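**Student:** Since each chain comes alone in its own frame, lean on the hints to assemble the complex.
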Amino acid sequence: LQAEDGANERRLVREAQDGSGAAMARLYSLHWRGAYRAAYLVAHDAAAAEDIAQDAFLAAVDALHRFDRRRPFRPWLHRIVVNRALDWARREALRRRVDGAESVFEPLPPPEEIGGELMTALKELPAEQRAVVVLRHLLEYTPGEIARMLELPRGTVNSRLRRGLDRLRVAAEAESFAEERR
Amino acid sequence: MSSDRIGRALRDAAIPAPPEVEARGRRIVEAAYAERRSGRSELRGAMAPKTSERRSRPLPRLALALGIATLLAALLLSPAGAAGRDWVGEVVESPAPKPEPELARIPGGGRLLVQSATGPWVVQPDGSRRLLGDYEEASWSPRGLFVAAAEGRTLSAVEPGGTPHWSLTAGARVRTPRWAPAGERIAYRSAEELRIVAGDGTGDRLLAGSAAAVAPAWSPSGDTGLAYVSGNGELQIVNSETGKVLAAAPALADISRLEWGANGTAILEASPRVLRLRGIWVPKVSLTRKLGDARTLPLPASSSLVGAALAPWKQVVAAVVTHWRDHGTRSEVLLFAPGTAKPRSLLTVPGSLGEVAWSPDGHRLLVAWPGANQWLFLPVGRGKPRAVANISTAFSPGERAARFPRIEGWCCRR
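Residue numbers (the numbering used here), protein chains in the order written: chain A, 1 to 182; chain B, 1 to 414.
Hints are computed from structural coordinates only; laboratory data are not their basis.
Model, not experiment: these values are computed from the prediction.
Fair warning: there could be bad hints in the mix.
Here are some, though not all, of the chain B residues that point toward chain A, as calculated from beta-carbon distances under 7 Å [as the list claims (entries may be wrong)]:
| id | residue |
| --- | --- |
| 1 | Ile-6 |
| 2 | Gly-7 |
| 3 | Tyr-33 |
| 4 | Leu-206 |
Positions of the beta carbon are idealized from the N, C-alpha and C atoms, including for glycine.
Only chain B is shown next, with the shape it has when bound in the complex (with noise of 0.2 Å):
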């Protein structure tokens, strides 16, 4: 056999090299490249997209609107749960979006996974939805083959048509389970205790003793890492193979929400009143994490952090706060990118908003709002707002005065 034959079969074997895997390395070797000549030597800032490729301001027009909007909204003002009021329409950009009277898709697709009083329910891409069971939280699988429900000391992975795979049940009841991205094992809490479960339902073990009361986050890189915070405080990151701490720092005080995103390049923690952003260097080959300095992010003076989400690709937080102002409850979407001082405001409401959740692709953001009875679909970019009304009787069916129900995920980029 010829050497060149050899050679052509190696230079043309048909390899699986996405485009955005070379454009994405760009970025990160550039950014890299740029923060060694400006003298600091942390890779902590390494994923931040380069200025040009930032998106762009607001434009005038929309601060405008947004500006007479909030003019609006204190002359307007009414008492937090303001129902049925189109307070969208008079908030963001024109043409103002009309609620739609249900689901009838999803913008931008994907499946949504939602925790109503009645149980977990999935909604499918043109608005469908379907109640899992009779479970207290739910979880997805990275590609959403699979939800992992928790109820009481079970644990159990559902097919999102309702049907169980398997169950197990703990010594104590179960906690806030979290599929790992390869597939492969669940993270869940039970009492104190951080455990480990097998995607089949087998090997179920013991992690760590003594685990706060945060749901645990995995790598995104598909690989053992698993970060959560320990019984005495501290942000732990460790192979969830051996137990091994890999990394470890101070957790936020009162942490309620631990998220570890933008492609494994950060680590979110939020608190009621503080937010943080701490990036990681995660480099797969080399099986040592390495966490960065926590950075604040800027809420607004006396407001009260609601819910958080940090994207799945970039280090770009969107954040839900309210505050109390002008005789009254406001509530705001901040976004957070990387590189900019003041966060931009995508949306000012009155009354409460709720948590809020990333489109599996990180273009677009669905808020809760309770008091409206609303689900509000924001672009990140460009593109229209959407609402849509009579969330709480669509998960709850027959029931009067239904709670609103929980955004537990939206799945999944393929």
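Just chain A, same shape as in the assembly (with noise of 0.2 Å):
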């Protein structure tokens, strides 16, 4: 099945290089929500999410025609995703340490509660450590993969998701605990 997807994604960004509008199209509907998704979890904020998920596909559509047609696509383009978040991610918590204890008078509406534990710890993992999460256990990237998307040493993949592993397992039995209490 993933061969035939592999195909049909292959065909997909061959007649968008030829300039199928509907290709893109398909493109973008295939991958609209793995992105959304990949970079609101690292990201942890609707909005940057939007922006990452459509700066992506943006810098996809400007590259696309010097794109290597025998590539996939998928990982092309959630590389870019994971890379913004990051960077995003990073600039965040550099601007929370120097806006200190900034006090906001009419904050925007609290985001949706994304649930439980898991969520929570993942949330407060180092950016760093959610990246290669969300790559390895949403996206399914072996390490190997991940490693070079982020350009790290694997070493430093496995000690990553290691040590982001070890924190979320705490939550999840936190989790599963509460869940047999109830």
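**Tutor:** Printed below as a string of structure tokens:
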């Protein structure tokens, strides 16, 4: 099935490169939700996730004519998405540190709860760990592929994954315990 | 803990993903792709809707009605200020709306902020209204929970019910306060300065030492971008936190209005004779701003621009122009849509119209008609126009020669 999906995706890329708007629209339909979800889970900000996913698609459109048709489209897009989400999360963390105890008179409405100890724990991970967890467990890339996407040594990917999972495990156990009690 | 469980949690987590987000992205990406294909590299027009999504042209019946109306207007021409005559009914689609004697509800909902000689008023969706106090200027906070109100050297945050929350005293008269879309900052002018204060009234500070007498405009994206016209006539986009200039270009000569709208993709500049739109690319993730070329929107020959407003979600501009024709003043409401060479005429009336404001959902326009003492609610697409009479007296009760109030804002999209 994956091979079939891959062939289908290559065909869509080829047609989009040849000027088919319908093929581009199909690529968008296939990948928007995954891109947005990945961006959100790394950035934990809906407006930023929208910008990041949109920006990644625009970058893809811009570079489509140079894209090597033999390569898969999906990892290329996800690489852009996750790296930009990471950049955003780092900048946001820096901004929070700079702003310090800034009080906000009229804050934006609180983001919708995405529920559960596990999600809360994911949000509390450092952005670098969140990114590898999302790439590994949502988008299902191998550590080797993640290392190439983030331009990191494979050992660094593995250690970030391990540290992230350790912290998520505690949250998952708490969640299981709460479920049992219910 | 298994990988499956984490994967499932990540896949199933209910993240905030409103359907319009995907649709909005689709339009932008498809427009960018189409533009790329047509060989234009600039993303200036990327927000233009697809041809199929463009609003349909007015029906021939409407064109005919407008033609007849123009003729009628010429034949029945009355001087500017022909109060009481139901011109609206004669110049727009039938069935003709009779002006309602008072505002019983706001078509399409939302709340209005109106500045009259007695001060700013908040009008609720059911038409009820409340005077906020003795302030000279006012503007909405992003969700309409507060109003930034100015009186002399005092800037105040006031609840729509009239209760003030805080006030600060500036070194000189406070002008054009504008609340940032994320709610955490207010920009205002005081003498030559452009200043910033936190939404709770703390941290008042100088952002620019020399600003022109034009209201600044915040980035609608909720980031720190702020557009203003500098004292030396430059349109600048600055980071309101750091003061760093992110982009700059010469501003329109004699500029009187600056708006940053269309979902953050365009800046509108208006002067008494010229209206122009500048595309802007605002990728939040890269902290950069790119100003596109300015596109001058064609106004009718020998006309003066009275008011203009950029739609909140699309690069559609509503403009009110007046011109002297056939021995009388005529006013026209025009709509400029992306990708069209000529504006669409929405309404022509004898006399002078005033300012124009978009409804928060971008479906309606509110146009002031001081000469007829009316407000006109005009649907941009389908729907019936409505007229409401006796506006002056509604906002200056007890005054026989009340000045026609000014529409400051129509709030808020939820």
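**Student:** Could you run down the list of hints and mark each one as holding or not?
**Tutor:** How the hints compare with the structure:
1. Ile-6: B/Ile-6 check passes; min Cβ-Cβ to chain A is 4 Å, inside 7 Å.
2. Gly-7: OK, holds: B/Gly-7 within 7 Å of chain A, min 4 Å.
3. Tyr-33: This interface hint holds because 5 Å falls under the 7 Å limit.
4. Leu-206: Not OK, violated: B/Leu-206 not within 7 Å of chain A, min 18 Å.
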